[in-house]
Amino acid sequence: MSLTSAIRVALAALFVNKGRSALTCLGIVIGIMAVIAMVVAGNGARASLDERLDSVGKNLILIKPGGRSNAGIVLSNDSFTDEEVKALREDPEVRRLVSALGENQSHLAMVSTPTVSHHTSITGGVPAMFHVRKWQIEHGRFYTENDLAKAAPVCLLGQTARQKLFPHRSNPVGERLRVGNVRLEVIGVLKAKGRAPTGADPDDQVFVPLSTLQEKIANVKRIDIITATAVTQDAIPQAVERIKKVLREKRRLKPGVDDTFEVSSVQEMAELAVNVARIFNILVVVIASISLIVGGIGIMNIMLVSVTERTREIGIRMAVGATPGDIRNQFLIEAVVLSLVGGLIGIVLGITVAITVTRIAGWPTLMSPFYIVLAFGVSAAVGVFFGLYPAAKAARLDPIEALRYE
Amino acid sequence: MKPIIQIEEIHKIYDTGAVQVQALRGVSLSVEEGEFLAIMGASGSGKSTLMNILGCLDRPTSGRYLLDGEDVSKLNRYQLARIRNRKLGFVFQGFNLLKRHTALENVELPLLYAGVSARERRRRALAKLELVGLADRAGHLPNQLSGGQQQRVAIARALVNEPRILLADEPTGNLDSVTSEEILAEFQRLHRDLGQTIIMVTHELDVADHAQRIVLIRDGKVADDRSNLRPREARRRRVADANGSDIGRPHALAADDRSPALVAAGGREPGPGVVRETA
Chain A
11 MSLTSAIRVA LAALFVNKGR SALTCLGIVI GIMAVIAMVV AGNGARASLD
61 ERLDSVGKNL ILIKPGGRSN AGIVLSNDSF TDEEVKALRE DPEVRRLVSA
111 LGENQSHLAM VSTPTVSHHT SITGGVPAMF HVRKWQIEHG RFYTENDLAK
161 AAPVCLLGQT ARQKLFPHRS NPVGERLRVG NVRLEVIGVL KAKGRAPTGA
211 DPDDQVFVPL STLQEKIANV KRIDIITATA VTQDAIPQAV ERIKKVLREK
261 RRLKPGVDDT FEVSSVQEMA ELAVNVARIF NILVVVIASI SLIVGGIGIM
311 NIMLVSVTER TREIGIRMAV GATPGDIRNQ FLIEAVVLSL VGGLIGIVLG
361 ITVAITVTRI AGWPTLMSPF YIVLAFGVSA AVGVFFGLYP AAKAARLDPI
411 EALRYE
Chain B
2 MKPIIQIEEI HKIYDTGAVQ VQALRGVSLS VEEGEFLAIM GASGSGKSTL
52 MNILGCLDRP TSGRYLLDGE DVSKLNRYQL ARIRNRKLGF VFQGFNLLKR
102 HTALENVELP LLYAGVSARE RRRRALAKLE LVGLADRAGH LPNQLSGGQQ
152 QRVAIARALV NEPRILLADE PTGNLDSVTS EEILAEFQRL HRDLGQTIIM
202 VTHELDVADH AQRIVLIRDG KVADDRSNLR PREARRRRVA DANGSDIGRP
252 HALAADDRSP ALVAAGGREP GPGVVRETA
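Residue numbers (this note's numbering), protein chains in the order written: chain A, 11 to 416; chain B, 2 to 280.
Hints are computed from structural coordinates only; laboratory data are not their basis.
If you're wondering where the values come from, they're calculated on a predicted model, not measured in any experiment.
Misleading hints may appear alongside valid ones.
What the hints assert, rightly or not - Part of the chain A face toward chain B, derived, beta carbon under 7 Å:
{"no.": "1", "residue": "Ser15"}
{"no.": "2", "residue": "Val26"}
{"no.": "3", "residue": "Leu36"}
{"no.": "4", "residue": "Glu323"}
{"no.": "5", "residue": "Ile326"}
{"no.": "6", "residue": "Ala329"}
{"no.": "7", "residue": "Val330"}
{"no.": "8", "residue": "Ala332"}
{"no.": "9", "residue": "Pro334"}
{"no.": "10", "residue": "Asp336"}
{"no.": "11", "residue": "Asn339"}
A virtual CB, placed ideally from N, CA and C, is assigned to each residue, including glycine.
One chain only, chain B, in its complex shape (with noise of 0.2 Å):
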């Protein structure tokens, strides 16, 4: 496997008048293609300025990132959004989707800034909405959807543009532990079927442990990385696990969000977690 991200000697200095902050101290990391990386580390530890890097949103002060082959660590603003529209997929801690457009909507946004005419806009993010298993939410409203969907929603939107990486930051960060499953699940499944490359930031063990691979950073430096031999599998609600595998059964979690009639059916015991977030 080829690297897809390769950066060295990564360092980052903010620099706010009085103090200057090293955030990064010489990161220096390979992600091949394929590979479902979490990059863990306590608040003000520099994991969120590396995502930010990573993601191309901001710039190192000195080192160098090849993302995809393609030296990114020069380039301007305008180079930048070029390259997190074709490359990268972000899936954010707060969902961040556009209060006042419709989910179909939000999905389509990359494809707008892509230049994709309307009709072909709207075929891929229903493909992308149908992958996520909330093609039926198409026209409502984030504040019309639970905090699952709005995130389901922000990884269809993340994925329409068919980026060579899906960045994930906090994902799980505003959810409740089920819901959180479900979204890790969502993660576990596009990794392992459609071979999606993931890096996901995150301050939890208990979720990093569901990635293949583990990246500890600590004051601005990598401190451990590891392979997850065994990663933890996410818990499906029982509606999946009583169908059989819930792979290749992605409108299951759909449908369960769906409609409380057929959750009773599927006999799921109605767990003290499982609360709609309204966001």
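Just chain A, same shape as in the assembly (with noise of 0.2 Å):
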């Protein structure tokens, strides 16, 4: 028998049980299902992710005052020194894996137009600052080597706090604002960043010189955060290690005593995110796998009632010529079309869920025709898998037997 006409033989038989094969289904379709919209949603996620430490700069490396024993006992909260700044700056080495480096103060303060009173964070930073974290500008320029040197009272926003501050205006540059008796002139506004990975949104700050900021806003010195660029991603362990070691030498630490500093990079984090990515694919996986089981199972149990019921039909089909060949592909073409159209509805419903999460998260929807061929191929396989025992059942019968069953 031709495959085409099994085909049609099998379809017409599935079709007169429509609503037994639909139950049927539905294990492969749940299953098919899940892993597509988890698939599709994660992938989506870890594209989001991705995008977002990019935008933060993947070879950015913290530097932050406050190590942490082995316990995870804070051993020291000292702020770092011009000194410290100075001895990174300099370091031979320090300077070849490192492309730009940036120190800077935060200071929580109360800024005002004439109008509008915004409470934000004002961050004094250098003007490698904006290369080693990408900010970009929208309107206007950045603080200069020039403004630093002079401690120049420019400043600029961040889109959270432009919106704030000057709700009715995109491009407020040249427009003065107040920090306590410090007057500020807007020089720019920087390009929106997102959301970051934290949950603190990096929009919402106002810009200055660190000089000005340590000078005439906070009148403090102390230099909260450290950043800097390895020139490539390779080079960042080394470039982590030797800034331990220049900070070390600094502040003179015996060997064995733990850092009082803290050095991390994004890499890290982001290598943390892929872990959590691999043991959330592997959860998919045995789900995913346990449903197509549980789906396979439901198959296998329905095909062997079929072959139950059609004895008969197998006895007359068998005497007019049918061999137990032709019996066995039919009930197994039968067992495969149905976990194949349950797969199908689960691709469908699977994408409809993914594009519905991503959509919502606001992540990117990353749909691959690959995902289809394997969810496809796989809901294949269990169909064969599991038809082929009712389907050996069937093509054992004897003719004889099968012509006499009431």
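Two chains, two frames, a set of hints: combine them into the complex.
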């Protein structure tokens, strides 16, 4: 019997028991749907994380005061001194491994225009910060080394801060702000960065030269964080080691004593995220396997019922010349069609769920034809695997017994 | 005439575990091409076992079976299926049509397993339905047909592969007497006009009497084998008689079944046995 005839026969048989066939498919539908939805949503989440890490800068190295012991106890909270920053900046190894390095200090204060007040974070930094942090200008200009040297009363606004302070002006360059007694001129607005992986809003900031913050606004020197950009991703571990070495020497830490600062890289965080994603993927595979096995057993069960119900039909077919192989193929094709139809519906539902979830979460929807082909292949394999036993049972029937069956 | 079936010393023993049942105890038989043979016997005589072996549905425990010159007693299940498909056609007591398939699809079934193309299947199946006078019922499901019509569909199915032998197992067992006569007339016509070899199993002498030759099976052996010199002619309905010989008029019966008005016009008595069976 030709394959197309066999498929037609199988489809006709399945169509007779529409409701039962539909219910039998359900297990496969749910299994495939879950896999597609979770894989696509998972990919979207990872891509969105990647994108954010990229916007922060994948080569970014963070140097923070406050080392921790192995037990997690904070050992020291000493902020960095100008000498330490200078030592890092002048170390030839660090210069070779790091393309830019900038310190900054944050200060919370009330910022006012004649009409609005807004409590926000004022970040003092050096011009190199813009390179390190990949900040981009929307209007105006960055502050310069010259502004830094003169402690110039100038500032830039993040998008959130701009919106709060100048709700009706997208370009408030030239306007003036007041922080305590200090008047600042707005010289630029930064492009939006979007919410950080930590949940903080990096756009709700006012940026001023470090000297302006330390000498005029905060009146205190306390470097909160130093950020650096490694020349390449491969240089990150070396750069981290070298920075640690310079700071340990500067702080005269004896060997064996824990660091009193913390050097970490965005890459480490990214690796952590990748590990989490890997565990998530394993879970998806486990859940999918369980539901596909359950679905497959459902198919096997209904096929066994079907073989018993249609014993007489099998006898008739054998009497008119169907070989055991023809009978086996008929039932095998029925099982495969059931699971393929289930798989197909599962793919469609899975994509729908994935699109919905990624839309709501604001992640990109990364659909690849590979998943569809894979899901199709897996459902076919489930059909063959769980259809084989009932099909073999049908093929083994004795034509005489089968014809006599009531 | 050359023998189309030759069986020698066929034994069949059913091993039911505790007891061994000897269903056939050395049956030898030769059937020539073009014969219309009835195998008669009481229930338990072994005639059904013989039929199953002749029909290649079962294999003898010992003995030789030459079908069309080919020894089929040692073939495996696949090979037997091929033989059934190419050389044999079955008509059963219970019609054994597929319930959810139309008459045409039922007739096409053997061709499906012979690997015949869809168009050719349809053409040949329609031709056979026409032969048994049911071309206009091609699209009907079995439960929309009378018992006699269902059995005629089964005959069309049995003939669609141009089999060497038509095997009928109690073909009139589920039919009333009038319809039984119809079916027997159909067999006689196939035998006479087309030279179809027919082997029919029955336990009724009345039915066996329509054959050319009657073989009696008793206790798993051939008890009698004689020619029926004057086979009983199956009675046709008067509509056929009124129009002269029904030979060469295969549609007369169909017209009869289809149209009560025509039947009335033909003046047929509505016999008490005319019961429409629905399976």
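Against the structure, the hints come out as follows:
{"no.": "1", "hint": "Ser15", "verdict": "6 Å, holds"}
{"no.": "2", "hint": "Val26", "verdict": "6 Å, holds"}
{"no.": "3", "hint": "Leu36", "verdict": "24 Å, violated"}
{"no.": "4", "hint": "Glu323", "verdict": "6 Å, holds"}
{"no.": "5", "hint": "Ile326", "verdict": "5 Å, holds"}
{"no.": "6", "hint": "Ala329", "verdict": "5 Å, holds"}
{"no.": "7", "hint": "Val330", "verdict": "4 Å, holds"}
{"no.": "8", "hint": "Ala332", "verdict": "5 Å, holds"}
{"no.": "9", "hint": "Pro334", "verdict": "5 Å, holds"}
{"no.": "10", "hint": "Asp336", "verdict": "6 Å, holds"}
{"no.": "11", "hint": "Asn339", "verdict": "11 Å, violated"}
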